[in-house]
Amino acid sequence: MDFERKDLLGLEELTEEEIFFILDTAKSFREVLDRPIKKIPTLRGKTVVNLFFEASTRTRMSFELAEKRLNADVLNFSPSNSSVLKGESLQDTVKNILAMKVDCFVVRHSTPGTPHLLAKELPVSIINAGDGAHEHPTQALLDLYTIREARGRIEGLKVLIVGDIAHSRVARSNIWGLNKLRAKVRVCGPSTLMPSMIEKMGVKVFFSLEEALREVDVVMMLRIQKERQNKGLFSSIGEYRDFFSLTEERLKLVKEDILIMHPGPVNWGVELPFRMSENRKSVILNQVTNGIIIRMAILYLLLGRSR
Amino acid sequence: MDEKDIARVLSRLAHEIIEKNKEVDDLILVGIQRRGVPLAERISKLIKEIKGKELPTGSLDITFYRDDLTRIGYHPIIRDTNILVPIDDKKIILVDDVLYTGRTVRASLDALLDFGRPQKIELVVLIDRGHRELPIHPDYVGKNIPTSLEEMVEVRVKELDGRDEVLILKKE
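Residue numbers (the working numbering), protein chains in the order written: chain G, 366 to 672; chain S, 12 to 183.
Treat the hints loosely; a few may be bogus.
Stated by the list, open to error - Not close to chain G: a few residues of chain S, all C-beta gaps over 12 Å, as computed:
id, residue
1, Lys64
2, Thr74
3, Asp78
4, Ile83
5, Asn93
6, Ile94
7, Arg128
8, Leu160
9, Glu176
10, Lys181
Stated by the list, open to error - Which residues of chain G face chain S? A few of them, derived with a C-beta cut under 8 Å, are:
id, residue
11, Thr390
12, Ser393
13, Pro406
14, Val653
Treat the hints as calculated values from the structure; they're not laboratory data.
A virtual CB, placed ideally from N, CA and C, is assigned to each residue, including glycine.
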């Protein structure tokens with residue numbers, strides 16, 4: 366097969382075959398990161414615009430590094446120092462940048478569907494870097510890559526996602542991806558942060574972390590977004606920690622070699638204990654490294670051939 | 012060419028490499044994916060039989076360095092690049108099956124130079140079929156086969172194709 370898409374918008378639309386094609390392509394880029402000169406000329410002459418309407422450190426840096434490793438020219442856009450402050454609309458902003466002859470937009474926006482809208486309107490490639498609580502496809506792909514790298518497979522693994530499922534684009538993209546690769550997905554969190562019809566996505570819902578952790582191979586802890594606390598969705602960080610923190614006591618209940626993941630940034634002492642015993646298999650930093658090669662693979666697949 | 016012809020040619024190439032380089036201590040063999048890789052391994056084995064010294068071998072995939080990536084309408088399969096030893100100040104023997112336009116070799120040189128600064132790079136090819144589009148010249152040639160542009164030279168090797176042979180085919 367080949368990867369024919371113009372855009373990467375979400376895991377919901379990808380086939381199992383396409384997901385594996387992306388993971389395999391990413392694997393080819395791994396060796397480049399260990400070279401003395403960590404740069405290849407693959408996207409020479411292409412221009413990529415990072416259009417981030419929402420704050421981001423890691424994802425934006427990871428994209429920028431991936432673009433630079435491939436020798437693309439990079440433009441960074443953030444609304445705080447742009448004409449958006451003068452009231453310029455999203456469409457106008459993008460069309461003006463497009464008139465400067467660029468090849469790709471990496472888009473993060475708080476409104477779900479923004480990248481999809483742009484993909485429909487524009488002739489260039491759009492990569493979704495997070496749209497509201499909808500999807501964050503490159504995060505899910507790097508998570509899938511990290512699981513496969515550590516376990517050799519994804520099919521049949523029991524994967525648990527813990528935290529604020531309702532507001533998490535990482536959860537949604539991962540649920541779609543994991544189900545397509547035939548993992549068994551569980552979700553766990555406070556009932557106020559659990560969408561009502563979530564079972565329809567093909568997951569098992571738990572409200573007790575102890576029960577949810579039983580026989581699990583992989584656990585993904587989501588960041589608790591402290592800004593949500595003001596909305597009264599959970600009473601206090603302390604209470605959240607009492608019920609949903611992956612403490613050493615709770616880890617005693619699970620498989621010795623459980624894979625511990627977190628999309629970052631971690632609230633240490635909340636989702637994960639300040640000090641985790643050394644024999645625990647945390648792959649949080651592998652996720653960060655793999656993020657670069659997944660993004661290199663996506664950029665290569667979207668821009669690295671004629672259309 | 013059949014299995015025997017290829018074996019004889021490779022043996023001659025191994026001898027030529029030794030003759031030209033005298034000391035083989037600093038040599039590293041690098042095969043270009045795909046069929047250059049098994050050929051590099053075989054030459055390494057032959058040199059070991061003669062000099063008793065095992066040369067490091069590596070593999071190089073040039074997809075990321077192709078000059079036509081944004082002109083072709085598909086994604087080429089990317090194979091392993093595996094260069095495990097530092098190449099700074101070493102002599103690299105680059106190995107490929109067929110030398111044609113020279114563009115693969117150009118890409119390989121760019122790729123190699125991203126791994127360090129070798130003292131020297133030499134080129135070995137099993138077949139030189141002519142029609143260069145770049146000023147690239149091999150240091151060791153197994154066999155010169157004059158071809159027309161309507162022909163294809165296909166090298167098959169046991170490791171990947173189950174048998175050793177070189178065929179000249181007409182393009183469909």
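Outcome of the hint check:
{"no.": "1", "hint": "Lys64", "verdict": "holds, 26 Å"}
{"no.": "2", "hint": "Thr74", "verdict": "violated, 8 Å"}
{"no.": "3", "hint": "Asp78", "verdict": "violated, 9 Å"}
{"no.": "4", "hint": "Ile83", "verdict": "violated, 6 Å"}
{"no.": "5", "hint": "Asn93", "verdict": "violated, 7 Å"}
{"no.": "6", "hint": "Ile94", "verdict": "violated, 9 Å"}
{"no.": "7", "hint": "Arg128", "verdict": "violated, 10 Å"}
{"no.": "8", "hint": "Leu160", "verdict": "holds, 23 Å"}
{"no.": "9", "hint": "Glu176", "verdict": "holds, 29 Å"}
{"no.": "10", "hint": "Lys181", "verdict": "holds, 27 Å"}
{"no.": "11", "hint": "Thr390", "verdict": "holds, 7 Å"}
{"no.": "12", "hint": "Ser393", "verdict": "holds, 4 Å"}
{"no.": "13", "hint": "Pro406", "verdict": "holds, 6 Å"}
{"no.": "14", "hint": "Val653", "verdict": "violated, 22 Å"}
In the structure shown, a violation is registered for the earlier hints numbered 2, 3, 4, 5, 6, 7, 14, in ascending order.
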